[in-house]
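Undergrad: Protein chains in written order, with the working numbering: chain A, 4 to 116; chain B, 315 to 430.
Mixed in with the good hints, there may be bad ones.
Capping the alpha-carbon separation at 25 Å, the derived lysine to aspartate or glutamate pairs in DMTMM-like fashion look like this [stated by the list, open to error]:
1. Lys356(B) with Asp76(A)
2. Lys329(B) with Asp345(B)
3. Lys60(A) with Asp41(A)
4. Lys417(B) with Asp76(A)
5. Lys73(A) with Asp57(A)
6. Lys14(A) with Glu98(A)
7. Lys372(B) with Glu104(A)
8. Lys417(B) with Glu17(A)
9. Lys329(B) with Glu340(B)
10. Lys329(B) with Glu373(B)
11. Lys382(B) with Glu370(B)
12. Lys417(B) with Glu104(A)
13. Lys417(B) with Asp59(A)
14. Lys371(B) with Glu98(A)
15. Lys385(B) with Glu104(A)
16. Lys382(B) with Glu104(A)
17. Lys319(B) with Asp398(B)
18. Lys417(B) with Asp41(A)
19. Lys382(B) with Asp76(A)
20. Lys371(B) with Glu104(A)
21. Lys356(B) with Glu340(B)
22. Lys56(A) with Asp76(A)
23. Lys417(B) with Asp57(A)
24. Lys371(B) with Glu340(B)
Don't read these hints as lab results, they were simulated from the structure.
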Amino acid sequence: DAGITQSPRHKVTETGTPVTLRCHQTENHRYMYWYRQDPGHGLRLIHYSYGVKDTDKGEVSDGYSVSRSKTEDFLLTLESATSSQTSVYFCAISELPTSNEQFFGPGTRLTVL
Amino acid sequence: QQQVKQSPQSLIVQKGGISIINCAYENTAFDYFPWYQQFPGKGPALLIAIRPDVSEKKEGRFTISFNKSAKQFSLHIMDSQPGDSATYFCAASMYGAGGSNYKLTFGKGTLLTVNP
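One chain only, chain A, in its complex shape (with noise of 0.2 Å):
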């Protein structure tokens, strides 16, 4: 497996409340990326970024914010989560436009009750 690591694996928290997950990477490659995957409707990208504090929103941005700080992390946030949100939330990263190719981390379930 690509050097990618999520954080928490799994999550249940509380309509309301803020909520971060992290991805840390150890490749050193400058596209990170954020999905969603539910029942039906496959990964959808949240957001995307492409260097360090360059971000950019996917088709599902609504709701979801995101921070790079450092080349090796990516974090997401729910700045008030939803039932909606529950969903399991992959991590990738890529190396743009030497590669197309992007990996995946573990994924985290994240259950918003």
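Got chain A; can you put chain B on it based on the hints?
TA: Using the frame of chain A, we list chain B on its own:
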């Protein structure tokens, strides 16, 4: 707007059979078409990818067929094995695109079950 449509949603194949999963795309600017394989509890992993300068790419038992005029591509798994049971995602993007314009668009996935 779903830019990559994948079918079927699920597929059951007998051991030794051929598994075929299809995808269609809309954006003619796409020129990179990967397939990802995901086992339960794991993140997706790149299986095989193709660019439109070739109509077919084969790696072992896995083959991508690409039809540029129809804007379709498919994954064929020959001699399917129970270990191939997984969820398969097709995807599309602009190859080498960087900056703020790069996005990999995924299909909704196909759950493949290979019975022994």
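Undergrad: Each hint: holds or not?
TA: Hint check:
1. As the CA atoms of lysine 356(B) and aspartate 76(A) are separated by approximately 20 Å, the hinted pair is consistent with the 25 Å bound.
2. Simply put, lysine 329(B) and aspartate 345(B) have alpha-carbon atoms about 33 Å apart, too far for the 25 Å limit, and the pair is violated.
3. Annotation: proposed proximity of lysine 60(A) to aspartate 41(A) holds, straight-line Cα distance about 19 Å (limit 25 Å).
4. For the suggested pair lysine 417(B) and aspartate 76(A), the alpha carbons sit about 20 Å apart, so the restraint of at most 25 Å is met.
5. A threshold of 25 Å between alpha carbons decides the hint, and for lysine 73(A) with aspartate 57(A) the separation of about 11 Å falls inside it, so the pair holds.
6. For the hint linking lysine 14(A) to glutamate 98(A), the alpha-carbon distance of about 29 Å lies beyond 25 Å, and the restraint is violated.
7. For a cut-off of 25 Å, the pair hint linking lysine 372(B) to glutamate 104(A) stands: about 17 Å separates their Cα positions.
8. Simply put, lysine 417(B) and glutamate 17(A) have alpha-carbon atoms about 32 Å apart, too far for the 25 Å limit, and the pair is violated.
9. Straight-line distance between C-alpha atoms of lysine 329(B) and glutamate 340(B) comes to about 34 Å, which puts the hinted pair past the 25 Å bound.
10. Between lysine 329(B) and glutamate 373(B), the direct Cα distance comes to roughly 19 Å. Compliance with the 25 Å bound is thereby established for this hinted pair.
11. For the hint pairing lysine 382(B) with glutamate 370(B), the CA-to-CA distance comes to about 11 Å; that is within 25 Å, so the pair holds.
12. Between lysine 417(B) and glutamate 104(A) the alpha-carbon distance is near 12 Å, which keeps this suggested pair within the 25 Å criterion.
13. Between lysine 417(B) and aspartate 59(A), the direct Cα distance comes to roughly 10 Å. Compliance with the 25 Å bound is thereby established for this hinted pair.
14. Taken as a hint, the lysine 371(B) and glutamate 98(A) pair is honoured in the structure, with Cα atoms around 23 Å apart against an allowance of 25 Å.
15. Between lysine 385(B) and glutamate 104(A) the CA atoms are separated by roughly 21 Å; this keeps the pair inside 25 Å, and the hint holds.
16. Restraint check for lysine 382(B) and glutamate 104(A): satisfied, since their Cα atoms lie roughly 21 Å apart, inside the 25 Å limit.
17. Proposed proximity of lysine 319(B) and aspartate 398(B) is supported: the alpha carbons are some 22 Å apart, at most 25 Å.
18. Distance check on the hinted pair: lysine 417(B) and aspartate 41(A) sit about 19 Å apart at the alpha-carbon level, within 25 Å; holds.
19. The suggested pairing of lysine 382(B) with aspartate 76(A) is violated, with an alpha-carbon distance near 38 Å, which exceeds 25 Å.
20. In summary, the hint linking lysine 371(B) to glutamate 104(A) is supported, as the alpha carbons are separated by about 16 Å, within the 25 Å threshold.
21. For a cut-off of 25 Å, the pair hint linking lysine 356(B) to glutamate 340(B) is broken: about 29 Å separates their Cα positions.
22. Taking the CA atoms of lysine 56(A) and aspartate 76(A), the gap is near 11 Å; set against the 25 Å cutoff, the hint holds.
23. Our distance criterion of 25 Å between C-alpha atoms is met by lysine 417(B) and aspartate 57(A), whose separation comes to about 15 Å.
24. Restraint check: the Cα-Cα separation between lysine 371(B) and glutamate 340(B) comes to about 21 Å, which is no more than 25 Å; the hinted pair holds.
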